[in-house]
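Top to bottom, those sequences are chains E and C.
For the first sequence, the working numbering gives the first residue as 1, with consecutive numbering after it.
For the second sequence, the working numbering gives the first residue as 1001, with consecutive numbering after it.
Simulated from the structure, these hints should not be mistaken for lab results.
Worth double-checking, as some hints may not be accurate.
[As the list claims (entries may be wrong)] Interface residues of chain E toward chain C, partial, derived using beta-carbon atoms under 8 Å: (1) Lys9; (2) Met13; (3) Arg48; (4) Ser87; (5) Gly88; (6) Gly97; (7) His98; (8) Arg282; (9) Asp287; (10) Leu288; (11) Gln289.
[What the hints assert, rightly or not] In silico EDC-like links for lysine to aspartate or glutamate, alpha-carbon gap of 20 Å or less: (12) C:Lys1287 to C:Glu1256; (13) E:Lys12 to C:Asp1234; (14) C:Lys1134 to E:Asp168; (15) C:Lys1134 to C:Asp1085; (16) C:Lys1134 to C:Asp1086; (17) C:Lys1134 to C:Glu1097; (18) C:Lys1287 to C:Asp1253; (19) C:Lys1134 to C:Asp1107; (20) C:Lys1287 to C:Asp1265; (21) E:Lys12 to C:Asp1107; (22) C:Lys1287 to C:Asp1213; (23) C:Lys1134 to C:Glu1117; (24) C:Lys1134 to C:Asp1148; (25) E:Lys12 to C:Glu1117; (26) C:Lys1134 to C:Glu1168; (27) E:Lys12 to C:Asp1091; (28) E:Lys12 to C:Glu1100; (29) E:Lys12 to C:Glu1126; (30) C:Lys1287 to C:Glu1260; (31) C:Lys1134 to C:Asp1091.
Positions of the beta carbon are idealized from the N, C-alpha and C atoms, including for glycine.
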Amino acid sequence: MTWHHVAYKDLKMSLRSRLLLGLSTLFVLMVAGGSVALTVLPSDSPIRGATLSSDTALIVLLGVSSWLVPIIAIVATYTAIVGERDSGSLRLLLGLGHTRRSILAGKLVGRSAMLLVSLLAGFTAALVVILTMYDRLYAANFAIFALSTSLFALVYVGLTTGVSASLDSRSQVIAVVVGVFAFFQFLWDGILIGILFLVTGDLPVPGENYPAWYVFLTRLSPTNAYEGVVSGVASVGQLPGIPNLSESLTGVESVPFYLSQWAALAILLFWFVIPILVGAVRFSNADLQ
Amino acid sequence: MTASVLSATGLRKEFDGTVALDGVDIAVSEGEIFGLLGPNGAGKSTMLNVFLGLVSPTSGSVTVLGIDVTEDSGEIRRRTGLLPDDFGLYDSLTGREHVELAIRSLDAGDDPHAILERVGLADAAETRAGEYSKGMRQRLALGMTLVDDPELLILDEPSSGLDPNGIEMMREIVREEADRGATVVFSSHNLAQVEMVCTRVGILRNGTFVVVDTIDSLREDVDRPPTVTVSTADVPDGLPETIESISGVVGVDVAETSIEVRMEDASVRQNVLSTVQQSDVQIEEFKVPDLDLEDIFSTYTTEAEA
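So that you can see chain E by itself, here it is in the shape it has in the complex:
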């Protein structure tokens, strides 16, 4: 396998591109800005609490990451294969003896590394704000958040790379990936509320209890699965604004396994693996004229 040559080249080009700098700056500004914003809230506001801890920051960071990370991942990744196909450099690369599979693997690793550079910059900035302006740092929870967010980013890198390898025009790739993202970000929860209404006759009210199957269906979205991983592992689940599953489910005695953080992790992995496999099959059968 020669994928590491492709990954190295891809990362080298990413580090030279303004795109990476721009996306990293955006992420740093959003997470650092969000963390700073919490410190200026009055200490009696429900979200802040008297002691300002990093767990409080995680609520804001989670909120920012859940929509910004997919966008950054999509923008950074959608050209991965289709861009080279479009420009004709793919044939040059294939001519150097790389197989389609090693190119796909190299691209996946290269773009993942690019995303991790962006995220690392953001996490570092947030950590600096927390260490200088907050009362307490819960390092383990912060680390869990950082790891889960990295995984979430890689899921979108995988999904986008898979689509990028499946189609032969940039616009189709963008349409499909943004379509998937927008569907889960803006429509999925609404559809499920409709289903819940049809089944139970009630509209969900914030703070009320939900049936376990309904919570599971929401978890099928990558974003909700990501939040499931973070809240299931970290004590974030005990904070206001994030439902504590063990107290908010109806029809079950305890949190069932399919709502555990492990199930959420499996859903995330599904969104990483399946698009890549589809992309690999379609790419290996593609005529690269």
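Position chain C against the provided structure of chain E, taking the given hints into account.
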């Protein structure tokens, strides 16, 4: 007896119902410089892409360097230097970095500087490819094909974008590579590009070879006067002499029921036909040889100039 470096039998390729290659049979031997001629859209690039596994054949068998293209095209490409048609470079990488990418990818021991020197880019080694002219891009891609002394070079329209000096350099490199023992296959829509270096050429039209021959015997064919054969029920007395007297007719060979007419050029055919028609003889067939190379060549060279 030299082994076939590249061979295709009954190669057919369809794209969404459009036939791009229609029964291609070809064998290229070790050490040959094979020129692939044909107008744009004849299927040259498709054929070269099939040889390298970039496009999969619809049917037929294709073997390159002893490997079936549907089995391990990666190995074929590793041992082949490929200059694709209409390729792209990495704008943010320098010329040297492109060659280094090729060297690393092929795990080769070449010196990037020597490669760039060979294609006349030594002075532009540290310039990013985004700033290269069309000719420099072509030179760089050609240089990348030379890394690791490939057994086979496949060059698709290698002279495109090159100035006359560049074209001469490209020819020089092709000769050097062939002298080293490499087999070279290159395509062009311009006969003049091909005949100066190639040992053998194939002319592709509408997805199939209309002729595959050595340059020398193609020349002979071109020099041979055009002919026409008229088959008749019988050959009336005096008709051969009448035909022979038409201006432009070089010679007449009479058989029992046919007359073969050799002439200076193909335009005389019309006069021969009307003369035969006026003689009240029953014409069974008026046959022009299938392959009029002069016509084919002139078609191709005109298209190349257009």
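> What hint numbers does the structure not satisfy?
Replying inline: 3, 8, 13, 14, 19, 22, 24 and 25
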